[in-house]
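Number of protein chains: 2
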Amino acid sequence: MRIALLGGTGDIGEGLALRWAYHTNHDVILGSRDPEKARAKADEYETELSSRGRDVKVNGFTNEMAADRARIVVLAVPPYHVADTVESVEDSLSEGDVLVTPAAGVKRDDDGFHYHPPSAGSVTKLVADAAPDGVPVVGAFHNLAAGRLADLDAELGIDTLVVADDDDAKDTVVHLAEGIDGLRALDAGGIANAAEVESVTPLLINVARHNEKMHDLGVQFR
Amino acid sequence: MRIALLGGTGDIGEGLALRWAYHTNHDVILGSRDPEKARAKADEYETELSSRGRDVKVNGFTNEMAADRARIVVLAVPPYHVADTVESVEDSLSEGDVLVTPAAGVKRDDDGFHYHPPSAGSVTKLVADAAPDGVPVVGAFHNLAAGRLADLDAELGIDTLVVADDDDAKDTVVHLAEGIDGLRALDAGGIANAAEVESVTPLLINVARHNEKMHDLGVQFR
Chain A
5 MRIALLGGTG DIGEGLALRW AYHTNHDVIL GSRDPEKARA KADEYETELS SRGRDVKVNG
65 FTNEMAADRA RIVVLAVPPY HVADTVESVE DSLSEGDVLV TPAAGVKRDD DGFHYHPPSA
125 GSVTKLVADA APDGVPVVGA FHNLAAGRLA DLDAELGIDT LVVADDDDAK DTVVHLAEGI
185 DGLRALDAGG IANAAEVESV TPLLINVARH NEKMHDLGVQ FR
Chain B
5 MRIALLGGTG DIGEGLALRW AYHTNHDVIL GSRDPEKARA KADEYETELS SRGRDVKVNG
65 FTNEMAADRA RIVVLAVPPY HVADTVESVE DSLSEGDVLV TPAAGVKRDD DGFHYHPPSA
125 GSVTKLVADA APDGVPVVGA FHNLAAGRLA DLDAELGIDT LVVADDDDAK DTVVHLAEGI
185 DGLRALDAGG IANAAEVESV TPLLINVARH NEKMHDLGVQ FR
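Respectively, the protein sequence lines represent chains A and B.
Residue 226, in my numbering, is where the first sequence stops; the numbers in between run on with no holes.
Residue 226, in my numbering, is where the second sequence stops; the numbers in between run on with no holes.
It is worth saying that the hints were derived from the structure and are not from the lab.
Any given hint could be a false lead.
[Stated by the list, open to error] Covered stretches of chain B (chain A as the covering partner; in silico rule of three or more C-beta atoms under 8 Å from a C-beta of chain A):
#1 57-68
#2 157-165
#3 185-195
#4 208-218
[To be verified] Derived DEER-like restraints, expressed as beta-carbon distance ranges:
#5 A:Asp-157 to B:Met-5: 52 to 60 Å
#6 B:Gly-151 to A:Arg-188: 41 to 49 Å
#7 A:His-85 to B:His-120: 25 to 33 Å
#8 B:Lys-111 to A:Asp-113: 44 to 52 Å
#9 B:Lys-61 to A:Met-218: 52 to 60 Å
#10 A:Asp-220 to B:Met-5: 52 to 60 Å
#11 B:Asp-113 to A:Asp-171: 31 to 39 Å
#12 A:Ser-54 to B:Arg-56: 33 to 41 Å
#13 B:Gly-151 to A:Gly-138: 36 to 44 Å
#14 B:Ser-123 to A:Asp-47: 28 to 36 Å
#15 A:Gly-161 to B:Asp-185: 55 to 63 Å
#16 B:Glu-159 to A:Asp-15: 34 to 42 Å
#17 A:Glu-159 to B:Glu-159: 35 to 43 Å
These figures come from a predicted structure and were not determined experimentally.
For glycine and all other residues, C-beta sits at the position ideal for the given N, C-alpha and C.
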């Protein structure tokens, strides 16, 4: 399957791109507002993968061109850019495509990190509201530490929670997630349940800050 | 240390009472609005513990009397009763006591379970606002499945997150939590971070509902 990572030059985009290119045979392409940046990052990822004996092609494009070429479109952009990004690629999405959103609204204050959802109730709902008709939205990959994901030597052994209102789209993303070694995908229900999933992101940061030797945390349900 | 479980006849109270009485030498006492009920449950717990070779005394009292006798007072009551319960035992608390709150505000609708905090922002903050001066409040034990806790054959292997603004009180509760086999206590910061901790409770229910063979879930940070 071809997966476009919009904002694929950022940290969570890098982690997902490397993991999918390393552990699966999916065709990974990067999107960025700046296609030169996307191509430069794609070269970097190819070099990293090649150094591990994995000679695969990673291509870089504008977000629009990347979205146009892929069936799975991951919005690996900061939460305040997701709505703009969906709008910018709207004409590049067609029925059968799936939009995936890993962003969580997080606000920092003096006490710690807090969940700060958009007025839609969650970032996933915001994306669902902005998505064109016929293009289902799946929330997933929220609670993964980008640095740990991008370090292909790091073992995962963690879960990702998947929310969607479209069961086929959800199944597709569960399958994509489980292609990554050490990542288990769990169904957390519909998009109405996304806020509780996204809230885990600031929690992971708070726990890492307050406990020695814990960093780049993930979570496992057991 | 003597630990009073107010609402100790309910499910989370039962789980904590049995685990502390089974795994530690802390003196566990139960409180209830109805002292007869507390005594009857205390007898039940003694029988269960005795059947496992653990002959310990568990006493039952009114909430007021239980709070008066213990240094650690756990509010094992539903979230909509915590403020009333604190008020009812206010005169029984003295400086040096620690109030512990495991409740999370959870609301169910057609889509699933959702975090529904009181206007204070979290149940932990609500308790902190209601607590008498000089009695620190610690949020802990939110994300434990009561049935799994009460089943002494069930292995835990999970974490509990602890929030408090008073470091000594927090350390005391971390120590109490880690006395339970298979339970690891992690510091999640101050009470301002309680909402993200309490939000995990509805999430665990949603994940259990949507994944086969998952029930009585807990969480491990890794």
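Beta-carbon spacing of Asp-157 (chain A) to Met-5 (chain B) - inside the hinted bounds 52 to 60 Å or not
44 Å, violated
Coverage criterion applied to the region 57-68 of chain B (partner chain A; beta-carbon cut 8 Å; 3 residues):
As far as the region 57-68 of chain B goes, the hint is violated, because 0 residues have Cβ atoms under 8 Å from chain A.
Confirm or reject the claim that Lys-111 (chain B) and Asp-113 (chain A) have a C-beta distance inside 44 to 52 Å.
Violated, since Lys-111 (chain B) and Asp-113 (chain A) (Cβ atoms, about 26 Å apart) do not stay within the stated range.
Whether chain A covers the region 185-195 of chain B (at least 3 residues having a Cβ closer than 8 Å to its Cβ atoms)
Contact hint for the region 185-195 of chain B vs chain A: holds, 5 residues under 8 Å.
Indicate whether the distance between the beta carbons of Glu-159 (chain B) and Asp-15 (chain A) respects the range 34 to 42 Å.
Hint holds: Cβ distance 36 Å, inside 34 to 42 Å.
Regarding His-85 (chain A) and His-120 (chain B), is the given constraint of 25 to 33 Å on their beta-carbon distance met?
Roughly 29 Å apart at Cβ, these two residues keep to the hinted range, so it holds.
Whether chain A covers the region 157-165 of chain B (at least 3 residues having a Cβ closer than 8 Å to its Cβ atoms)
Held - the region 157-165 of chain B has 3 residues with a Cβ nearer than 8 Å to chain A, which meets the minimum of three.
31 to 39 Å was suggested as the range; check whether the CB atoms of Asp-113 (chain B) and Asp-171 (chain A) agree with it.
20 Å, violated
Regarding Glu-159 (chain A) and Glu-159 (chain B), is the given constraint of 35 to 43 Å on their beta-carbon distance met?
At 22 Å between Cβs, range violated.
Tell me if the beta carbons of Gly-161 (chain A) and Asp-185 (chain B) are separated by a distance inside 55 to 63 Å.
22 Å, violated
State, for the Cβ atoms of Gly-151 (chain B) and Arg-188 (chain A), whether the hinted interval 41 to 49 Å holds or is violated.
23 Å, violated
Just tell me: holds or violated, for the beta carbon distance of Ser-54 (chain A) and Arg-56 (chain B) against 33 to 41 Å?
Given a distance of about 59 Å, which is not inside 33 to 41 Å, the answer is violated.
When the structure is compared with the earlier hints, violations turn up for hints 1, 5, 6, 8, 9, 10, 11, 12, 14, 15 and 17 and for no others.
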